[in-house]
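Student: The primary structure of each chain is shown beneath.
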Amino acid sequence: MAALNTVQTPSPRPGERDAASAASRRLSGIFGSNLVGLLIAIAVFVLLFGFFANGFLSKVNLYSISRSIGIDGVIGLAMMTVLVTGGLNLGLGAIGVCSAMGVGWALQSLGLPIAVSMIFGVLLGAALGAVNGLIVVTTRLHSFVVTLATMSIFFGTMILLSGANGFNALPRVLTGFGRIRMYGVVSPLLLIMLLVAALLFYLYRYTALGREMLAAGANPFAAKLSGLPVERLFVCCHALCGGIGAIAGVMASLRNGAIVPSMAGPLGADWLLPAFLAPVLGGTLLTGGGVSVSGAVLGCVFVEIITRGLYMLQIGEFWIQTALGLVLLGAILLERGRAAMALQRSIGR
Amino acid sequence: MNAFRRMLRSDSLGLALVVLLGGAALSIARPEFLTAYNIDVILVGFCLTVIYALGQGVIIAIGHMNLALGATGCLVAVSFGGAMQVWGLPVWAAVIFGLLIGMFCGFVNGWLTHKSGLTSFIITLATMSIFKGISLGITEAQPFYGVAESVKAFGSDRWGPLPETLLVALPIVIGLAVFLGRMIPGRQMLAFGGNPSAAELSGISRARMVILAHTLSGLLAAIAGMMSVARLQLASPAIGDEWLIASFAAPVIGGAVLSGGHLSVLGTCLGVLIVSLINQALVMLAVDPFYVQVLLGALILGAVGLNRLRESRMGNAPVLRLS
Chain A
1 MAALNTVQTP
11 SPRPGERDAA
21 SAASRRLSGI
31 FGSNLVGLLI
41 AIAVFVLLFG
51 FFANGFLSKV
61 NLYSISRSIG
71 IDGVIGLAMM
81 TVLVTGGLNL
91 GLGAIGVCSA
101 MGVGWALQSL
111 GLPIAVSMIF
121 GVLLGAALGA
131 VNGLIVVTTR
141 LHSFVVTLAT
151 MSIFFGTMIL
161 LSGANGFNAL
171 PRVLTGFGRI
181 RMYGVVSPLL
191 LIMLLVAALL
201 FYLYRYTALG
211 REMLAAGANP
221 FAAKLSGLPV
231 ERLFVCCHAL
241 CGGIGAIAGV
251 MASLRNGAIV
261 PSMAGPLGAD
271 WLLPAFLAPV
281 LGGTLLTGGG
291 VSVSGAVLGC
301 VFVEIITRGL
311 YMLQIGEFWI
321 QTALGLVLLG
331 AILLERGRAA
341 MALQRSIGR
Chain B
350 MNAFRRMLRS
360 DSLGLALVVL
370 LGGAALSIAR
380 PEFLTAYNID
390 VILVGFCLTV
400 IYALGQGVII
410 AIGHMNLALG
420 ATGCLVAVSF
430 GGAMQVWGLP
440 VWAAVIFGLL
450 IGMFCGFVNG
460 WLTHKSGLTS
470 FIITLATMSI
480 FKGISLGITE
490 AQPFYGVAES
500 VKAFGSDRWG
510 PLPETLLVAL
520 PIVIGLAVFL
530 GRMIPGRQML
540 AFGGNPSAAE
550 LSGISRARMV
560 ILAHTLSGLL
570 AAIAGMMSVA
580 RLQLASPAIG
590 DEWLIASFAA
600 PVIGGAVLSG
610 GHLSVLGTCL
620 GVLIVSLINQ
630 ALVMLAVDPF
640 YVQVLLGALI
650 LGAVGLNRLR
660 ESRMGNAPVL
670 RLS
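Chains as they are written, first to last, in the working numbering: chain A, 1 to 349; chain B, 350 to 672.
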């Protein structure tokens with residue numbers, strides 16, 4: 001019986017909230033309301049900004065939007081993979097920067113070929129993520145405090161090892177790749193994001209591993225009772241998050257043309273807002289067990305369009321942060337309202 | 350034997366030992382550690398950190414968290430400076446204005462958390478971005494320099510060997526200890542943190558507790574923000590940027606249980622002292638400042654692990670809940 005108690009960690013509080021989210025999950029499966037709502041919102045804002053913000057639909061701007069969507073989309077998808085467990089990863093930015101620095105080290109100091117360095121970076125990210133996961137499942141502490149601590153540890157260690165020096169002599173192929181424009185407006189970074197999204201979609205929709213991750217996240221206790229290795233699955237989720245975070249770190253370096261330790265702010269905390277905005281807007285459940293890959297992608301598109309549009313309207317870049325906070329707040333409150341309505345409707349039936 | 354066991358169980362004994370031994374070791378390794386200047390540096394840092402650490406502590410006590418703590422402090426600091434420089438308000442009015450803003454920010458966090466029934470993590474992530482954006486927006490990332498002389502003097506004056514800011518920090522620490530230990534709303538808050546459903550069944554209002562704790566946290570963040578202004582002699586919109594880790598580290602090292610229901614004010618103070626001791630030690634031993642981050646992270650992990658272990662030793666089934 002003792003083994004059964006091992007999976008309480010990320011489980012949300014039992015009670016009405018579970019019922020509400022379960023109902024909303026069912027209903028959003030039927031109506032897909034999140035996606036439709038997001039699509040309409042995106043269309044409305046594109047039209048608005050197209051009319052009022054000078055140069056919003058220019059090629060330069062669209063290209064720049066596509067590049068940001070690529071990077072922030074991967075960041076959001078990375079967070080989504082760990083939200084599946086009902087936990088989170090504050091250290092995503094730190095892992096991304098650490099892995100990018102690892103790639104730089106492999107390329108410049110070890111002189112490894114590009115492909116090998118990239119694989120090394122992703123594995124490093126996955127390993128750091130797995131460390132988070134292992135600590136979470138063995139100590140049964142909430143991932144918030146675990147990743148708060150490891151974020152500080154990972155980032156500090158990286159700075160100590162690198163002496164806070166970046167890598168700026170990247171091979172031409174890589175710096176050139178960040179600047180490629182396809183059809184004048186599409187960055188290859190966007191395609192990488194779509195590829196990651198497609199793989200995740202496949203994972204959660206069609207593979208046993210993905211379904212098991214969702215089941216374990218939705219109700220760890222029930223999953224354990226039905227014989228799933230919940231701990232191992234959670235470690236996998238955290239490792240997946242780290243690996244995708246590493247990809248995002250490398251992508252951000254490709255945009256900058258150099259790998260710098262400060263690219264995600266102090267302790268990599270600048271990634272937090274984009275990381276949560278995209279999946280939460282897309283309808284991923286914070287309580288675990290429910291993901292929407294296409295929702296996360298659309299959520300990220302929505303956020304980038306708002307950011308860029310407000311920027312072009314010259315309302316002052318500092319107010320954009322306020323606007324994004326309001327968007328996040330509005331989205332979660334809207335989601336709550338819909339869940340409550342869904343519950344009422346399911347009771348009334 | 351019983352008294353001994355109780356002492357072992359208390360949060361503070363081990364921590365006090367760590368502070369004493371660490372201080373002793375440091376003063377042997379580096380005799381200049383015990384100079385008045387050094388102690389002053391530690392005390393000045395202590396006064397600020399203890400206030401925002403308690404601001405996080407009261408939220409941890411009800412099993413929530415407040416990511417917007419630093420952003421609240423920042424918004425208050427900036428409005429405090431702006432009220433004096435742009436509006437020309439007298440200091441007392443600016444202080445009241447700042448306190449009201451802080452309490453309002455906290456109230457918004459609490460109200461939204463309660464009304465939405467969502468985890469405070471995501472709510473305060475959103476409000477963090479809102480508050481921070483507002484402070485950057487109204488200052489355009491430039492500090493206000495027009496801080497009144499009396500405020501500057503408060504931040505830099507010494508009262509004998511002690512910094513004047515201790516006059517604010519000490520009453521807050523004592524007041525909070527009395528509030529949580531002896532007063533009805535404080536006891537109710539801890540009871541609610543320990544087991545919200547049981548507390549609700551015994552007639553404690555959930556809404557009132559959540560909003561009370563968050564408003565208190567906003568108030569403490571406001572005081573810490575204005576104290577930073579006094580210390581820096583200017584109202585910079587960068588105030589509060591690096592509060593997050595320390596604000597969790599100190600209460601957790603002090604024995605606070607993240608699932609709520611327990612907060613030791615004395616333990617938090619000792620936790621702050623340990624953090625500043627480490628900072629100081631690494632400065633004096635000329636170690637890279639980034640070791641501080643690694644150590645702080647390791648310390649948080651170690652402390653929460655230890656708390657968890659003690660919890661299960663004491664027979665309390667660990668209830669994990671982070672809403």
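Misleading hints may appear alongside valid ones.
Here are the in silico distance ranges between beta carbons for each label pair [what the hints assert, rightly or not]: (1) A:ILE119 / B:LEU370: 58 to 68 Å; (2) B:SER499 / A:VAL46: 50 to 60 Å; (3) B:GLY466 / A:GLU317: 29 to 39 Å; (4) A:VAL186 / B:ALA502: 57 to 67 Å; (5) B:TRP460 / A:GLY55: 39 to 49 Å.
Hints listed in this document are in silico derivations from the structure and should not be mistaken for laboratory results. Glycine residues also receive a C-beta, built at the ideal position from the N, C-alpha and C atoms.
Student: For each hint, tell me whether it holds in the structure or not.
Tutor: Structure-based check of each hint:
no. : hint                            : verdict
1   : A:ILE119 / B:LEU370: 58 to 68 Å : violated (47 Å)
2   : B:SER499 / A:VAL46: 50 to 60 Å  : holds (53 Å)
3   : B:GLY466 / A:GLU317: 29 to 39 Å : holds (34 Å)
4   : A:VAL186 / B:ALA502: 57 to 67 Å : holds (60 Å)
5   : B:TRP460 / A:GLY55: 39 to 49 Å  : holds (40 Å)
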